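Next come the chains, spelled out residue by residue.
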Amino acid sequence: MKESRLRRRYRAERRYRFYGKAAIAFAVCFLFFFFVAIVSRALPAFSQHEVLLRVALPDNLLKNLSTAEGEDANISEGAARRMLDAALAQELGGGGSAHERRARRALLTPLAALDLKRRVENLSASSVSSLSPSLLLPSWSLSFALSSSSERFLRAQSGGEQVADPALSDMQRDMLTALDAKGLVAKRFNLAFFTRSDSRVPSAAGIRGALLGSLWALLIAFLLAFPLGVLTAVHLEEFAPRNRLSALIEVAIYNLAAVPSIVFGLLGLVVFLNWWQLPRSAPLTGGMVLALMTLPIVVVTARSALKAVPEGIRNAGLALGASHSQTVLHHVLPQAMPGILTGAIIGMARALGETAPLLMIGMVAFIAQAPATPLDPATTLPVQIFLWADHPDPAFSSRAAAAILVMLCFLVAMNAAAVLLRQAFERKRQR
Amino acid sequence: MTTPDKHTDKPAAAKRQRAKIRARAVNVYYGDKQALFQVALEVPHKQVTALIGPSGCGKSTFLRCINRMNDVIEGCRVEGELTIDGENVATLDPVALRARIGMVFQKPNPFPKSIYDNVAYGVRIHALAQNRKETDEIVRQSLARAGLEQEVASRLNDSATALSGGQQQRLCIARAIALQPDIILMDEPCSSLDPIATARIENLIAELSQNYTIVIVTHSMQQAARVSHRTVFFHLGRVVESGETTQIFTTPRRKQTERYITGRIG
Ligand SMILES: Nc1ncnc2c1ncn2[C@@H]1O[C@H](COP(=O)(O)OP(=O)(O)OP(=O)(O)O)[C@@H](O)[C@H]1O
Ligand SMILES: [Mg+2]
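Line by line, the protein sequences are chains A and B.
Mapping the first sequence onto the numbering used here, position 189 (from 1) lands on 189, and the numbers just tick up by one.
Mapping the second sequence onto the numbering used here, position 154 (from 1) lands on 154, and the numbers just tick up by one.
Worth flagging that the hints you see were computed from the coordinates, not collected in a lab.
Please read these numbers as outputs of a predicted model, since none were measured by experiment.
Please note that a few of the clues may not be correct.
Stated by the list, open to error - Within a straight-line C-alpha distance of at most 20 angstroms, the following computed DMTMM-like cross-link-like pairs (lysine to aspartate or glutamate) qualify:
(1) LYS182/A - ASP170/A
(2) LYS307/A - GLU74/B
(3) LYS307/A - GLU238/A
(4) LYS46/B - ASP85/B
(5) LYS117/A - GLU77/A
(6) LYS107/B - GLU311/A
Sequences and hints are given; from them, build the entire structure.
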């Protein structure tokens, strides 16, 4: 009788262990598939084909450059386009009809001419004055990004598959094959993805603007929510008398932590934009909305961290003649700090991934310029992902996946920072 | 284990002249519940007074009245008159009062900081030292008087939480005497310690009683008999009997006291 019960208990034990392991295995599999899916979709965004062209500088530009008159060295976009046309014609041959010229030009990204113009300007602004005229070469070898359809074609070709892309004519395909055969096409790391902001053209679209927008918004959210939240928690936990009012505030805060984030967005729209007239789409306003959203999380976690500090520490401080606030400041708060920081970082991580409230305050616009201050219009990483994922061009959806990867990296970094901070505090305490 | 030679070194009558702490008609309420009823007692100067009595009879509550630690308990109300050196504690500033009165708790509660910082903390907040050197000296002396110096001299910067329970309790005593208080309150200081650590603390109490007025709450009759000069017996929030420890333990006047001491109530 007794033995059979014991056996049953062992069986139950094994069964529970198996359930636990199965749950973990399921979670790990899920994470694995998630990562494989994201990474495989994101990888194309991290590399880009470029074509090397010899661009001949027109004589009048050369003359201007050698006289080192910076402003005169500017060229019009039209002139740049003509220089590109000439360079393409030189590599690919072919006739000079407008139709053929357009076909050749369409191999490159639509921004190629603008890109060339900028490079010429940069050159004239910076190095030319120090260059002696004799060193100035009449033609440069420059790399240019390709158009989305060329990019797609080259990728398909290197993958060994044939796709009939209606966006490319047979002639254009032959041209690309010819360029590739000449060894002029190279696959490079797509630095532009990190150094540029949003663009209509996928090859020029990057996450810099969204990243800066997110960082500004997070900074503002942290600067507002952390001190306010910690002070609130300290007051409620350590100083406020336990009465009806503090109970009411406590319930309100717990409820606030459960309010859907879009409600905070509405609040921001009504209060910050319409009433206070703060700038639309700005990280300042976004940060304030995110602060509202994280504040209850910070308060709740900070309170439980303070509650976990043993009563003996408070008694020890008070009995030594430390005032109430000295006891809290010198002993209770440092003891609770690891927990408070963990809570704050969890709140910040949630804020980093938040989209809904930001849509309400207009952070969902197409913004091609990185914000220099928190007052400039900007988007944030999740909003940028939302915008790109919706785009019909598949080059954008791979960029969305890449942006997701970047965001995940930031989340991991934040969590690692939380762990490191905790350890640092613990080491300090052990000392 | 040395027992303080308490009845022969100085005449007891001379000591009784000066009451360090005097309580008259002290009532304490936790909310609606009354915990102490009309407590009246005297604690003589530079002697050890033991508070004994069954659990929940209000010993800790009375101890907390002395340094006004009851103030921080929500809903706790203290009535009546309690004087230290003739001054009513209710009229004193609690922070200044607590600096004059050391307190050692049942559970050792060192700050989670270094051993040095534990002792130096009170010295710093009350600015008892002019410079770092003086602080060092106070820390060293306090540790020495708490009988801890030899054990921790080489690791003053280690965390206090790494010490053993008995060492932690002595550190708490060192922390309290670093402020050079007149009075030390101890609430069951040995209840979480083994017999050897207990013996060390008891020796320490005997030594400290040369310079300090000590009030100690204890559940051990033997301990009360060993360390104290006077004993006060509490029961259900009232002082039943108080007097010389020898008298209480040999010829108690009240039946209740006798029953408690012989282990029949509690
Ligand atoms: N913070 C408090 N809130 C409410 N009631 C309390 C509080 N502290 C003590 N009491 C009550 O006051 C009475 C006396 O408690 P006290 O802690 O002084 O007893 P004690 O003699 O120290 O007991 P023990 O020997 O178990 O420590 C008890 O009935 C207890 O329930
Ligand atoms: Mg007690």
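Q) Among all the numbered hints in the text so far, which are the ones the structure does not match? A) none
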